[in-house]
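As you go down the protein sequences, you meet chains W and G in turn. Position 209 of the first sequence, counted from 1, bears residue number 206 in the numbering used here, the numbering being contiguous throughout. Position 199 of the second sequence, counted from 1, bears residue number 196 in the numbering used here, the numbering being contiguous throughout.
Just so you know, not all the hints are guaranteed correct.
Each pair may be met inside one copy or between any two copies, as identical chains are not told apart.
[To be verified] Pairs of lysine-lysine, PhoX-like flavour, derived with a Cα cap of 20 angstroms:
1) K216 to K145
2) K145 to K129
3) K216 to K174
4) K145 to K242
5) K179 to K145
6) K129 to K242
7) K145 to K239
8) K216 to K129
9) K129 to K239
10) K145 to K183
11) K129 to K179
12) K216 to K239
If you're looking for bench data, these hints aren't it; they were derived computationally from the structure. Source: prediction; values computed, not measured.
There are 2 protein chains.
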Amino acid sequence: QILERVQAFFNNTTSIHENGHSIQATGVLHGRSVVITAGPTREAIDPVRYLSNYSSGKMGFALAAAAVKAGASVTLVAGPCQLATPAHVTRVDVVSALDMQQAVSEHIAHCDIFIGCAAVADFRPVQVAQQKMKKQQDHDHMAIELVKNPDILAWVATQSPTPFTVGFAAETNEVAKYARDKLERKGIQLIVANDVSDATIGFNSDNNAVTVYWPEGEKAFATSTKESLAENLVTLIAEHYKNFKKQ
Amino acid sequence: QILERVQAFFNNTTSIHENGHSIQATGVLHGRSVVITAGPTREAIDPVRYLSNYSSGKMGFALAAAAVKAGASVTLVAGPCQLATPAHVTRVDVVSALDMQQAVSEHIAHCDIFIGCAAVADFRPVQVAQQKMKKQQDHDHMAIELVKNPDILAWVATQSPTPFTVGFAAETNEVAKYARDKLERKGIQLIVANDVSDATIGFNSDNNAVTVYWPEGEKAFATSTKESLAENLVTLIAEHYKNFKKQ
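The shape of chain W in the complex, shown without the other chains (with noise of 0.2 angstroms):
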């Protein structure tokens, strides 16, 4: 930890040097410390084959871009995705949801904010076969038995103290429904959703729109770049992040 925090001084010294004038020193988010969840996770079914989803990570990291420049100190938790890491922002790696966990955890204790803008898997494979599962010549059909991943983002949400907790809903239909019930059920502070069924916006597009949801309030922020929209995003969560009370 005091690694850490050395390296966060320099980081953040560095950044202020590099930049010629001090964004971070005062940035919405200056002293914070965040931590981001972004792309897909991969659930192993067998040596060689995996299920996972369309997201890109673009969101994520774009987040991530735009709360250091906001002046914060930034872990983003990755699972597999072909990015570039921002600069300044230190980077862990990961595959699967149970991975993903493990790695939230080990970084929330100090965290002020917790982002999970990561698509995690609902479900993995209850077995995961030690050799390449082979076809049966008299087997047209066959079935992949699923069992519950953790919630991570619950998860964070009970833990103590309780970070400022942002998560987001992919949805194809009724997304503001399910974006309503999933603020509630997980008891978070904001929760971002956007409507995948349209493929100019969403999971591989570098252009999103989304609204955000909160118990007492929405906001709509219409088409734009992820990076324009992380920093609009980043802006609101600081906004409500003033009156937050950590519990």
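Following the hints, put chain G in place on chain W, whose structure we already have.
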């Protein structure tokens, strides 16, 4: 088809001039048409989730480049992978095994050599949900019902005229046994087997080591870069192709 031939002619002419010498006019596959499949396939579960495998596509893309260098006209049918298309290769991007079969069927008619390097998913979900499947709060388990995908390699080997057909076998155990079984069962000319349980070679590595089997013999290739191995494999394929009678 006329358009394709004209394009192929100009592609060939261009590369001869570009290289400043006539590799292609004297290459071991000069004038031959080669179709190569590469990468994984993705089998949709619902609008956000899919089944896939760890194939990176590197080996198939290296084979496409090596076949061009040997003078062939090359069509590369590629599953989802983030690789640049080698020069002078006609690339057809696909997602699922059914897409891949469709693309192969459209390009196989006048092809002399077919190399099935893709890691085609053996099974796909029986039903693709039109909306994102929701977790049921009271269900900790679920199952995905799967149905067998078409066997593209075996299908190609039953076409008339039959191209010289090369398969790949990615195995984690009893590699030689499964490879020889696959060679015979599918009625193909060569099979290239590698042991993907060794992380230093295989799926996402830049290196590979394989053993090639044919009915009367076999040849082992020690670990080398996929580019170097691809050139050796193309040479071996061209030697065997010389004695192949189209049926």
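Hints broken by the structure, by number, lowest first? 1, 4, 6, 7, 8, 9
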